[in-house]
Amino acid sequence: MSTVLSIENLSTFFKTDKGIVRAVEDVTFSLEEGEMLGLIGESGCGKTTVAQSILRLIEYPGKVVSGKVILNGKDLLKATDDELYSLRWKEISVIPQSAMNALNPVYTVGDQIIEAILLHEKVSKSEAVKRTKTLLELVGIDGERQKSFPHEFSGGMKQRVAIAMALACNPKLVISDESTTGLDVLTQAQVIALIKNLQKKMNLSVILISHDLPMVTAICEKIAIMYAGKLVEWATTEEILNNPKHPYSKALLNATPNLSDPDREVVSIPGSVPNLVNIPKCCRFHTRCPYAFDRCLNESPELREVTPGHYTACFLEGDKNG
Amino acid sequence: MGKFLASKFLQYVIVIFLMLTLNFLLPRLMPGNPLIFLAGEDVGFMSSAEKEAILEKHGLNQSIWQQYGTYIKHIFTGDFGYSYQQKRPITDLLMERLPWTLLLTGLGLVISTVIGVLFGTISAWRRGTKTDANLLTMFMFLSAMPSFWVGMILVSIFAAQLGWFPVFGAEAAWSNFKGVDRFIDIVEHLVLPLTTLVLISVTSTFMIMRYSMLNVLGEDYIMMAKAKGVKEKVIKYKHAMRNALLPVATVFMLSLGFTLGGATVIETVFAYPGVGRLMFESVLSRDYPLIQATFLIITFSVVIANFLADLLYPLLDPKVGK
Ligand SMILES: Nc1ncnc2c1ncn2[C@@H]1O[C@H](COP(=O)(O)OP(=O)(O)OP(=O)(O)O)[C@@H](O)[C@H]1O
Ligand code: SF4
Ligand SMILES: [Mg+2]
Numbered sequence: 001m002s003t004v005l006s007i008e009n010l011s012t013f014f015k016t017d018k019g020i021v022r023a024v025e026d027v028t029f030s031l032e033e034g035e036m037l038g039l040i041g042e043s044g045c046g047k048t049t050v051a052q053s054i055l056r057l058i059e060y061p062g063k064v065v066s067g068k069v070i071l072n073g074k075d076l077l078k079a080t081d082d083e084l085y086s087l088r089w090k091e092i093s094v095i096p097q098s099a100m101n102a103l104n105p106v107y108t109v110g111d112q113i114i115e116a117i118l119l120h121e122k123v124s125k126s127e128a129v130k131r132t133k134t135l136l137e138l139v140g141i142d143g144e145r146q147k148s149f150p151h152e153f154s155g156g157m158k159q160r161v162a163i164a165m166a167l168a169c170n171p172k173l174v175i176s177d178e179s180t181t182g183l184d185v186l187t188q189a190q191v192i193a194l195i196k197n198l199q200k201k202m203n204l205s206v207i208l209i210s211h212d213l214p215m216v217t218a219i220c221e222k223i224a225i226m227y228a229g230k231l232v233e234w235a236t237t238e239e240i241l242n243n244p245k246h247p248y249s250k251a252l253l254n255a256t257p258n259l260s261d262p263d264r265e266v267v268s269i270p271g272s273v274p275n276l277v278n279i280p281k282c283c284r285f286h287t288r289c290p291y292a293f294d295r296c297l298n299e300s301p302e303l304r305e306v307t308p309g310h311y312t313a314c315f316l317e318g319d320k321n322g
Numbered sequence: 001m002g003k004f005l006a007s008k009f010l011q012y013v014i015v016i017f018l019m020l021t022l023n024f025l026l027p028r029l030m031p032g033n034p035l036i037f038l039a040g041e042d043v044g045f046m047s048s049a050e051k052e053a054i055l056e057k058h059g060l061n062q063s064i065w066q067q068y069g070t071y072i073k074h075i076f077t078g079d080f081g082y083s084y085q086q087k088r089p090i091t092d093l094l095m096e097r098l099p100w101t102l103l104l105t106g107l108g109l110v111i112s113t114v115i116g117v118l119f120g121t122i123s124a125w126r127r128g129t130k131t132d133a134n135l136l137t138m139f140m141f142l143s144a145m146p147s148f149w150v151g152m153i154l155v156s157i158f159a160a161q162l163g164w165f166p167v168f169g170a171e172a173a174w175s176n177f178k179g180v181d182r183f184i185d186i187v188e189h190l191v192l193p194l195t196t197l198v199l200i201s202v203t204s205t206f207m208i209m210r211y212s213m214l215n216v217l218g219e220d221y222i223m224m225a226k227a228k229g230v231k232e233k234v235i236k237y238k239h240a241m242r243n244a245l246l247p248v249a250t251v252f253m254l255s256l257g258f259t260l261g262g263a264t265v266i267e268t269v270f271a272y273p274g275v276g277r278l279m280f281e282s283v284l285s286r287d288y289p290l291i292q293a294t295f296l297i298i299t300f301s302v303v304i305a306n307f308l309a310d311l312l313y314p315l316l317d318p319k320v321g322k
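Protein chains in written order, with UniProt numbering: chain E, 1 to 322; chain W, 1 to 322.
In case anyone wonders, no lab produced these hints; they're calculated from the structure. Note that the Cβ used here is the ideal one computed from N, Cα and C, for glycine as well. One thing to keep in mind: the hints can contain errors.
Claimed, not checked - Below 20 Å or equal to it, Euclidean Cα-Cα: the simulated EDC-like pairs (lysine to aspartate or glutamate) are:
| no. | chain 1 | residue 1 | chain 2 | residue 2 |
| --- | --- | --- | --- | --- |
| 1 | W | K319 | E | D261 |
| 2 | W | K233 | E | D81 |
| 3 | E | K90 | W | E188 |
| 4 | W | K231 | E | E152 |
| 5 | W | K51 | E | D81 |
| 6 | E | K78 | W | E188 |
| 7 | W | K178 | W | E188 |
| 8 | W | K57 | W | D42 |
| 9 | W | K231 | E | E59 |
| 10 | W | K319 | E | E152 |
| 11 | W | K236 | E | E152 |
| 12 | W | K233 | E | E152 |
Stated by the list, open to error - Now the stretches of chain E that chain W is said to cover, found in silico as 3 or more residues with beta-carbon under 8 Å:
| no. | stretch |
| --- | --- |
| 13 | 64 to 74 |
| 14 | 90 to 96 |
| 15 | 189 to 196 |
| 16 | 212 to 218 |
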């Protein structure tokens, strides 16, 4: 297996009237070929910002301030505009957070998929139309409906269209950003199953962004957990479930109802997420961490490999092994 | 679609009849002598024979239903009554004024829309930059200036001081220009009032376009287009502008309906012989039949513009109609 994408010390900030929002700081993780990685964390912790930083989609007032995004040995953050145009969608595609709004209302869904195909592949228009039909059928939509406008589809169907569109140019990596928000539970399950299926069939690498921990543990091989703009833990799903290291991960697992053990008490995490505006150097979890000590207030713990393949950013863990 | 238009058409026919009826009833139901409202305040100076003739013409000694029949018949044969003050048939007066007004306000609307759209797009595209701030300041400044003031400044500089353009009117009086000469003469007379009109009306389109474009640029489908590898220019025109133009189109259609009403203030400042000035004059001299006729014309054109909008809008926005 080879590494498809590796993100190193990525930081993305937003400039606001109140100060600099350190939305993503020093985030590191990587992804193997054919792997499905769950990126989870509470709302506002920076998941979408990471996804957008990867494809350099961050817009004013945001800016990727440092780090590397290495795709097949090439740093995307240093790529020229032309390189970027040709690798977007061809190499990495996105199923966005609100697929509901991801389709341009004045063009047919077919035209929007065809646009992507024609941009990246030397095929005729009629060939692209044929492929669009196949793609839509792959996600369970009648291929003739490519002539329909987005508003003529239901939410779940638009979601499927977005998936079909993401697969249009046979990318190596797909980033699915909470692509099931707003759908009913059954449709959610269908969409997730569809993504999982396609991933296996096409040997895709997938970053699955979600805050649904049980779902992520069920289908992802690896999990990366973010808290307030920081990556706090990254390991195989098994390790995270059986051997969580970071106090936040532990709290998160305890706060999640467990179907196989319904008697277990669900403990919510006291306190609230810190404000990311001009946040000082510290462990961002210290305000809610039961183990916090002096060092946590003045220093930011780095992500360390505590056991092979298991990374976490906590002074307690770091000191033990490093 | 056809059914939709048919029902719309019926709706507009009803509106027009309501307006006509109101216009018919107003002078007859107002307290006081209906003659005043049908012939203007000059009735005081009329001989009884003249009054008799007016009563006769409007059939005031007939039943109200017969009067209504006569009135409708007159309207549909293009007879809007008689201006006793100007001693001319109102239809003649209107036909004389309408072309000038159409030239001034129609052209003004088109030019200010084009300029507003262009600069609104630029401003939104460069949101947050100096260009955006400067454009915004400039257009706000323009909108804050009263039209008569702009008109007078332009006249004093370009007509009085520099002598580049004539001071008033729509063409040189008592001249006998033909063909190209006449055309040039008309253009020369048009420049200053047209510039004034554009200067004071361009801001609304600019603001609408800028705001609409800003909204569209924040939409997920723009981000998606970018993620697909679509080039900036194509995103700007094909994806963003196409959507952002919708509200501008609505406002354009509505304003189109009011163009026949002319631009009262500007036409007055430049002594431009349009409908706006005619209306102003008729109000000053309490020429009620003329006031009513101009209002009726405006009503007609607003209704027609609305109907046009209903016809064209489905072509612009796939969500409408079908
Ligand atoms: N345009 C912006 N201007 C200022 N701050 C922003 C902007 N976009 C995002 N942020 C901030 O960046 C942080 C991360 O946002 P992000 O959208 O990445 O969170 P998320 O993890 O995807 O949340 P969710 O689960 O709700 O989608 C948030 O604190 C947010 O307030
Ligand atoms: S570094 Fe300190 S505050 Fe942060 S998680 Fe570890 S113990 Fe808690
Ligand atoms: Mg998000």
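State the violated hints by number, sorted upward, taking the hints as numbered earlier in the document.
1, 3, 4, 5, 6, 11, 12, 13, 15, 16
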